[in-house]
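Asker: Residue-level listing of the chains:
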Amino acid sequence: MSQGSQKGGAGPAIEVSHLCRTYKVAQKKAGLLASLRGLWKGETRTVEAVRDVSFRIDPGEMVAFLGPNGAGKTTTLKMLAGLVYPTSGTARVLGYLPWEREDSFRRQFSLVMGQKNQLWWDLPAADSFELHREIYSLERARFDSTLGELVELFGVDKLTRQPVRELSLGERMKMELIASLLHEPKVLLLDEPTIGLDVVAQGTIQRCLREYNLRKRATIILTSHYMRDVEALCSRVLMIVHGALQYDGQLSGLLDRFGRSKLVRLHFEETVPHGLERFGECKVNGPVAELKLEKSQIAQVLSSVVDLPGLVDLSVQDPPLEDVVAMAFGSGAGKP
Amino acid sequence: MSSVEPPLIASPGFMGSLRKYLRIFRVSLVERLAYRADFLLGTVLRFLPLVTSVLLWSAVYRGSGNDTIEGYTCRQVIAYLLLVHVSRMFSSMPGLASGIARDIREGTVKRYLVQPLDLQAHLLAYRAAHKFAYIVTSALPYGLLFWLMGGYFDWPREPWIWAAWLASLILGFFLGFLMEFVLGLLGFWFLEISSFLYLVNTVSFFLSGHLMPLDLFGGRMAMVLKELPFQYLAYFPATVILGRETPGAVMNGLLVEIAWCLVFLVVGRVALRLGLRRFSAFGG
Chain E
3 MSQGSQKGGA GPAIEVSHLC RTYKVAQKKA GLLASLRGLW KGETRTVEAV
53 RDVSFRIDPG EMVAFLGPNG AGKTTTLKML AGLVYPTSGT ARVLGYLPWE
103 REDSFRRQFS LVMGQKNQLW WDLPAADSFE LHREIYSLER ARFDSTLGEL
153 VELFGVDKLT RQPVRELSLG ERMKMELIAS LLHEPKVLLL DEPTIGLDVV
203 AQGTIQRCLR EYNLRKRATI ILTSHYMRDV EALCSRVLMI VHGALQYDGQ
253 LSGLLDRFGR SKLVRLHFEE TVPHGLERFG ECKVNGPVAE LKLEKSQIAQ
303 VLSSVVDLPG LVDLSVQDPP LEDVVAMAFG SGAGKP
Chain W
294 MSSVEPPLIA SPGFMGSLRK YLRIFRVSLV ERLAYRADFL LGTVLRFLPL
344 VTSVLLWSAV YRGSGNDTIE GYTCRQVIAY LLLVHVSRMF SSMPGLASGI
394 ARDIREGTVK RYLVQPLDLQ AHLLAYRAAH KFAYIVTSAL PYGLLFWLMG
444 GYFDWPREPW IWAAWLASLI LGFFLGFLME FVLGLLGFWF LEISSFLYLV
494 NTVSFFLSGH LMPLDLFGGR MAMVLKELPF QYLAYFPATV ILGRETPGAV
544 MNGLLVEIAW CLVFLVVGRV ALRLGLRRFS AFGG
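First to last, the protein sequences are chains E and W. Count the first sequence with the working numbering and you get residues 3 to 338, in order. Count the second sequence with the working numbering and you get residues 294 to 577, in order.
In case anyone wonders, no lab produced these hints; they're calculated from the structure. Because the structure is a prediction, the values reported are computed rather than measured. No residue lacks a Cβ here, since even glycine has one placed at the ideal position from N, Cα and C. Treat the hints loosely; a few may be bogus.
[To be verified] List time: in silico EDC-like cross-link candidates among lysine to aspartate or glutamate, alpha-carbon distance up to 20 Å:
| hint | chain 1 | residue 1 | chain 2 | residue 2 |
| --- | --- | --- | --- | --- |
| 1 | E | 26 | E | 63 |
| 2 | E | 160 | E | 141 |
| 3 | E | 294 | E | 324 |
| 4 | W | 424 | E | 124 |
| 5 | E | 26 | W | 399 |
| 6 | E | 31 | E | 54 |
[Claimed, not checked] Some chain W residues judged to face chain E by a derived CB distance under 7 Å, without partners named:
| hint | residue |
| --- | --- |
| 7 | 313 |
| 8 | 352 |
| 9 | 403 |
| 10 | 409 |
| 11 | 410 |
| 12 | 571 |
| 13 | 573 |
[Said to hold, decoys possible] Here are a few chain W residues that sit away from chain E, every Cβ distance over 12 Å (derived from the structure):
| hint | residue |
| --- | --- |
| 14 | 312 |
| 15 | 356 |
| 16 | 381 |
| 17 | 382 |
| 18 | 447 |
| 19 | 542 |
| 20 | 548 |
| 21 | 554 |
| 22 | 570 |
| 23 | 575 |
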């Protein structure tokens, strides 16, 4: 029964339908008396972590899960990795039911969640990689060439013989990713792969993931709070707010839908003239004024400001992606 | 899709699995040797309490005015206490249960759900490597100690006793591992088990005969203790090499020990399955 009709076949890499997951969480009132009562009879509250989520992802796609903390992104990833059973609904990854945890499924995907997952702290990463070869029963020649490629791709040639505990956070993350790619997974689930890293390391990891995706046509899902990651890697985003899917589509579509305002920058010769407030929210910084305008107002406002005395330059920009996403999260929160 | 290379699914089979865990054994061994200094110091420190034991038991015998207590001479008790150290060298599993519980609490146990890797087999390979490294490196100091205290021993001449001793020590390793493994799995059901583990360790110190020969507990108590699995962790191997048991009793003891191993193996497998199911139900 678990042998899906399209296991490893030409269907979607990931197919999720009406996936739900509720948790019972302990509720404890403050105070000693309440704690004592809790020993006897714990009270619980039901939390709907994921509510009726459906989507499909084709082989080779790179998709980002967006959503505020606690929105259900990680729970969804955990279900796709077979770590958590759904309360209802179903999901197929490469045609498998993930929570049945068949070895043939586990040999084809990787989950990277935080650090210190698969590397031995006191040993060089190379030893952990060797162990990986055995865990996944990889052929020597193929393992060697994959490892060689990955080490070169991530640029960590000299670091694989150094104990992992002596590596920097970014270097460790790179090793962690290499370990997770050694068995050439077709599906890669990444929970915050660049958290806490500097911009350079973030960039390297983005580049490597893109490269891996291209070379192997791997399907990649990642959650991230860095819009830079999302912009660089994923053309498609799934936005989950309060456990429900709020948006599924192109990143640019998210901007169109939630980025209703534009930023108009006006650069004057000397000082900004008074009275710009009548057009909308206005921030003044030296000779530069920034007007935040609804899209519908743009044409009208522009025609009135071009004749202002002393105007030397003018530009219209999209608001920062972070702001748009924050706005989208907020709008989702309004609809329970 | 057709351009994608075929997945690397080589079904490993039994030999493949065995090789996997042997490899883990090897890597664990390398890891262990990274802590050479800690090792040596640990071994030497273990000898210190022995000195107090020798003094204590000499005083006990002098005070009682008897040459033997429950069939043991003072010399034999001291030889026993030294030999119990050898038993524990095989059967003790420091940090195994608490490590499992910590992995469960911190969620790192999820690794065994995501990767084609069995928690119990992995830990067994890891422990075996640690034990191997430990026993090899402490052979020298222990050899020296036994040589210095040679006067307390009447080593048996029969080869079968030596063989049975070795068998009881190796079985002790497995039983110790399997019992401690089950304890660690309690972490799936209880958030914090460290005080419980402390209690079990303390009780086990008595029940296993680590403190003194079980016979010295006297009559019914000694009889009960000899029915429990704990005795195989310390008492049983020591009495075998002391030559206190008949061939029939030794054979019987080894068979019962194997039976206990099987019991704890089955309990462990069932508990592991239930625990992982619970872990997944609670959200990984």
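Asker: All the hints need checking, so say for each whether the structure fits it.
Answerer: How the hints compare with the structure:
1. Annotation: proposed proximity of residue 26 of chain E to residue 63 of chain E is violated, straight-line Cα distance about 34 Å (limit 20 Å).
2. Proximity of residue 160 of chain E to residue 141 of chain E is assessed by CA-CA distance (about 24 Å); at most 20 Å being required, the pair is judged violated.
3. Our distance criterion of 20 Å between C-alpha atoms is met by residue 294 of chain E and residue 324 of chain E, whose separation comes to about 16 Å.
4. For a cut-off of 20 Å, the pair hint linking residue 424 of chain W to residue 124 of chain E stands: about 18 Å separates their Cα positions.
5. Taking the CA atoms of residue 26 of chain E and residue 399 of chain W, the gap is about 19 Å. The hint holds against a cut of 20 Å.
6. About 31 Å separates the Cα atoms of residue 31 of chain E and residue 54 of chain E, which puts this hinted pair outside 20 Å; it is violated.
7. A cut of 7 Å between beta carbons decides the hint on residue 313 of chain W: the least distance to chain E is about 4 Å, and the hint holds.
8. Annotation: residue 352 of chain W was flagged as interfacial toward chain E, and the flag is violated, the nearest CB pair being 45 Å apart, outside 7 Å.
9. With its C-beta approaching chain E no nearer than about 5 Å, residue 403 of chain W sits inside the 7 Å limit, and its interface hint holds.
10. Given the 7 Å rule on beta carbons, the hint for residue 409 of chain W holds: about 5 Å separates it from the nearest Cβ of chain E.
11. For residue 410 of chain W, the suggested interface contact is upheld, since its CB lies about 5 Å from the closest CB of chain E, less than 7 Å.
12. The criterion of a C-beta within 7 Å of any C-beta in chain E is not met by residue 571 of chain W, whose closest approach is roughly 11 Å, and the hint is violated.
13. The criterion of a C-beta within 7 Å of any C-beta in chain E is met by residue 573 of chain W, whose closest approach is roughly 5 Å, and the hint holds.
14. With 12 Å as the threshold on Cβ separation, the claim that residue 312 of chain W sits away from chain E is violated: the shortest Cβ distance comes to roughly 7 Å.
15. At the 12 Å boundary, the C-beta of residue 356 of chain W stays outside the reach of chain E, the nearest C-beta of that chain being 48 Å off.
16. Under the 12 Å C-beta cut-off, the non-interface status given to residue 381 of chain W relative to chain E holds; the minimum distance is some 25 Å.
17. The beta carbon of residue 382 of chain W is kept farther than 12 Å from every beta carbon of chain E, the shortest such distance being approximately 23 Å.
18. Interface exclusion of residue 447 of chain W from chain E stands, the closest Cβ pair being 44 Å apart, more than 12 Å.
19. Non-interface call for residue 542 of chain W relative to chain E: holds, since the shortest CB-CB distance, roughly 42 Å, exceeds 12 Å.
20. The beta carbon of residue 548 of chain W is kept farther than 12 Å from every beta carbon of chain E, the shortest such distance being approximately 34 Å.
21. With a closest Cβ-Cβ approach of about 26 Å to chain E, residue 554 of chain W is found to remain outside the 12 Å limit, as its non-interface label requires.
22. Distance check for residue 570 of chain W against chain E: the nearest CB is about 8 Å away, which does not clear 12 Å, and the non-interface claim fails.
23. With a least beta-carbon separation of about 8 Å from chain E, residue 575 of chain W fails to lie farther than 12 Å from that chain, contradicting its non-interface assignment.
Violated hints, listed in ascending order, are 1, 2, 6, 8, 12, 14, 22 and 23; each of the other numbered hints is respected by the structure.
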